[in-house]
Amino acid sequence: MASTPLTYLNHEHSVASWLLTKDHKRIGVMYLVVVTLAFFLGGLFATLIRLELATPAGDLLSNDDYNKMFTMHGVVMVFFVLIPAVPAILGNFVLPLMLGAKDVAFPKINLLSWYVFVIGFLFTVYAMVTGGVDTGWTFYTPYSSRASNSNVMMTGIGVFITGFSSILTGLNFMVTIHRMRAPGLTWFRLPLFVWAVYATSLVQILGTPVIAITVLALAVERGLHFGIFDAALGGDPVLFQHMFWFYSHPAVYIMILPPMGAISEVIACFSRKSIFGYSFVAFSSLAIAIFGFLVWAHHMFVSGISVYSALVFSFLTYAVAIPSAVKTFNWTATMYKGAIWLKAPMIWAIAFLALFLVGGLTGLFTAALGVDVHIHDTYFVVAHFHFIMVGGAVMGFFAGLHFWWPKITGRMYSEIWAKVAAIVVLAGFILTFGPQFILGYLGMPRRYHVYPDEFQVLNVLSSAGASILAVGYLIVGIYLMASLFKGKHAGANPWHATGLEWTTQSPPLPHNFEVQPIVTREAYEYSSQEVTVG
Amino acid sequence: MGDAVAVHGGHGDAHAHHHPDLQHHFDTLEQQHEAATLGMWLFLITEVLFFGGLFLAYMLYRVWYPVAWAEASRELDIVLGAFNTAVLIGSSLTMALAVRAAQTGKQRATVVWILLTMTLGFVFLIVKYFEYKEKFEHHHVPGPNFVFEGPEAGPAQIYFSLYFLMTGLHATHMIIGFFIMAVIAWMAHKKRFTPEWYTPVEITGLYWHFVDIVWIFLFPLLYLVDRAGHFA
Numbered sequence: 461m462a463s464t465p466l467t468y469l470n471h472e473h474s475v476a477s478w479l480l481t482k483d484h485k486r487i488g489v490m491y492l493v494v495v496t497l498a499f500f501l502g503g504l505f506a507t508l509i510r511l512e513l514a515t516p517a518g519d520l521l522s523n524d525d526y527n528k529m530f531t532m533h534g535v536v537m538v539f540f541v542l543i544p545a546v547p548a549i550l551g552n553f554v555l556p557l558m559l560g561a562k563d564v565a566f567p568k569i570n571l572l573s574w575y576v577f578v579i580g581f582l583f584t585v586y587a588m589v590t591g592g593v594d595t596g597w598t599f600y601t602p603y604s605s606r607a608s609n610s611n612v613m614m615t616g617i618g619v620f621i622t623g624f625s626s627i628l629t630g631l632n633f634m635v636t637i638h639r640m641r642a643p644g645l646t647w648f649r650l651p652l653f654v655w656a657v658y659a660t661s662l663v664q665i666l667g668t669p670v671i672a673i674t675v676l677a678l679a680v681e682r683g684l685h686f687g688i689f690d691a692a693l694g695g696d697p698v699l700f701q702h703m704f705w706f707y708s709h710p711a712v713y714i715m716i717l718p719p720m721g722a723i724s725e726v727i728a729c730f731s732r733k734s735i736f737g738y739s740f741v742a743f744s745s746l747a748i749a750i751f752g753f754l755v756w757a758h759h760m761f762v763s764g765i766s767v768y769s770a771l772v773f774s775f776l777t778y779a780v781a782i783p784s785a786v787k788t789f790n791w792t793a794t795m796y797k798g799a800i801w802l803k804a805p806m807i808w809a810i811a812f813l814a815l816f817l818v819g820g821l822t823g824l825f826t827a828a829l830g831v832d833v834h835i836h837d838t839y840f841v842v843a844h845f846h847f848i849m850v851g852g853a854v855m856g857f858f859a860g861l862h863f864w865w866p867k868i869t870g871r872m873y874s875e876i877w878a879k880v881a882a883i884v885v886l887a888g889f890i891l892t893f894g895p896q897f898i899l900g901y902l903g904m905p906r907r908y909h910v911y912p913d914e915f916q917v918l919n920v921l922s923s924a925g926a927s928i929l930a931v932g933y934l935i936v937g938i939y940l941m942a943s944l945f946k947g948k949h950a951g952a953n954p955w956h957a958t959g960l961e962w963t964t965q966s967p968p969l970p971h972n973f974e975v976q977p978i979v980t981r982e983a984y985e986y987s988s989q990e991v992t993v994g
Numbered sequence: 459m460g461d462a463v464a465v466h467g468g469h470g471d472a473h474a475h476h477h478p479d480l481q482h483h484f485d486t487l488e489q490q491h492e493a494a495t496l497g498m499w500l501f502l503i504t505e506v507l508f509f510g511g512l513f514l515a516y517m518l519y520r521v522w523y524p525v526a527w528a529e530a531s532r533e534l535d536i537v538l539g540a541f542n543t544a545v546l547i548g549s550s551l552t553m554a555l556a557v558r559a560a561q562t563g564k565q566r567a568t569v570v571w572i573l574l575t576m577t578l579g580f581v582f583l584i585v586k587y588f589e590y591k592e593k594f595e596h597h598h599v600p601g602p603n604f605v606f607e608g609p610e611a612g613p614a615q616i617y618f619s620l621y622f623l624m625t626g627l628h629a630t631h632m633i634i635g636f637f638i639m640a641v642i643a644w645m646a647h648k649k650r651f652t653p654e655w656y657t658p659v660e661i662t663g664l665y666w667h668f669v670d671i672v673w674i675f676l677f678p679l680l681y682l683v684d685r686a687g688h689f690a
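Going line by line, the protein sequences match chains A and B. The first sequence finishes on residue 994 if you use my numbering, and the numbering steps up by one all the way, no holes. The second sequence finishes on residue 690 if you use my numbering, and the numbering steps up by one all the way, no holes.
Chain A extracted, bound-state conformation (with noise of 0.2 Å):
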């Protein structure tokens, strides 16, 4: 290799070259790095809520300004962190790398997607400094519609805002995945990490108009005074949680799907196998998407809606967990018998692994009608869904970092420190959100931050483990930051993986490739490869 090759990094310099850049690898790192300030913001928010829960009186923050954190940190990790984490920052990266392509399909349009994401996390940003917001970020009516004083509307416009850079994303994304492939790249050659955005980009699609013209509707109620969800005027203020929730099921799915996408590229490569049941695990993320859209209501179990739709999204919900329980299977059936290669990126995945399993056990337990009605709006819930989300989207997406930040950047990160940090993450976050499964079936309501003096104790234990936690994410930040500057070359292909991304130099060039790839083999033809590792 010649001294400096030619890449995507150094080829032009200056900060426009940047801001005005079409090539799908920068817009990645651009939001890579949006998508972290989002994180230590929505992480500051997380760790007064856990600061104020140390003591039972509420000592460190008012009534209002605990509603605003609780509020602010949900909004901000939701809208900023977990819907773009991997789709819009790995996703772009290795997307149309994964594909043989130069670009994604609309490369203007994905720099636009960046820009709008940008401006709504402005706006959002600007309505918590003037005040906040405090409505959950459920913004159910009629508190966000009238009760409130706080700054909803504001809020409100940003997440519509962004809501477009979620969906130009995702189309872009269809479009690519559809149009761009390289020559004999058929579907099921795919790798599953692009069947896994494809799913996701369906959920985009779909779902996201409906929020927005939910908060649309929500805003000319609570601006213009209009009534659609006003029961004072006949409006039915449910209305508004059926469209909420259409669309924010399934954005559960947009978190988690990519991240196993992920997960699956991950674990095939450190088992030197080739994925069990390909298939199955390509058509089970786009069941999940689809049966995603017909769950909804399953956060509805307490509103009156009527007893025998519940009976119905009950048992919708359960089936949904049919096609994840396929993945969970298809992962631990693809490390049995492997040569399993215990590298940072599946120490994260592992970790991925145990927690989802718990968060989708829990998750049937909330859907159960009977209990749902005794752990609804308990830290059960709250339990339940950090593990989906935090535990299995942030693993996820900190397994996918992991795999190809060589790619990225072209440097190899410590892997001791990646082992360290995430056996403590692991280690912090069981602590955190696994009291709050016995704090939620006690009857501990979320959203207070008062709390009878029986809770202290596993109160300050969910403390602990948050600050065990914090301490996790800042060493991966500065490992990670450590080796831009100090780490080793990665060469093309630091892990013998398979997948077209890897055959090209790292960090990559302009353009992606020296030549058009043509692919002639299945993905994860690891059996084959005579490369020993280890």
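Just so you have them, the derived chain A footprint on chain B, three or more residues with Cβ under 8 Å:
id : stretch
1  : 485–493
2  : 513–522
3  : 597–610
Keep in mind the hints are simulated off the structure, nothing from the lab. Positions of the beta carbon are idealized from the N, C-alpha and C atoms, including for glycine.
Knowing the structure of chain A, use the given hints to seat chain B on it.
Frame of chain A; chain B shown alone:
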């Protein structure tokens, strides 16, 4: 810049004959065209879902409040509504003719048909302006000043909330369409389109037809609720 070298046929980057409108990351014009039209269709699906939320609300409340829906609907001017429906269907025709003209390489006709489409769209908005004005004068705009005689005032206000939101969003889409059509007409005037490449005209046409179809649903749902007087 390290341009990739082509190894298989059909890859246009390093070939001398590539079309000026072929973007670097596509291999052929056909691939570029297919990507653009697929993208537009997907965008229209998102639009269906976007309006779909309001249609859902409409459906729920119409089932709950049939009398209010009938009474409030009669406040709309059916003549103006029908006139506007005809105008918009006409604009779909002129738009289709614009696409046809672009496809057959008639640049001047393309410009004329697009300008005619814009004119018809403008007529629609003028009529809509007078309809809105009448609603303001009769205090049928939702909010503190809303006035509606009889026991159905509450649901009628919901009706008018949906009326303004749906028709307002529709009009917003038309205004966005004007900007797009202005650009397309300018490009056609500059002879940018050929039978080989007229994708922007085609996807603008798709967008405009979608805007029309939304109105085809809005007109009967909003204007023709109970003209026979079953709930009178």
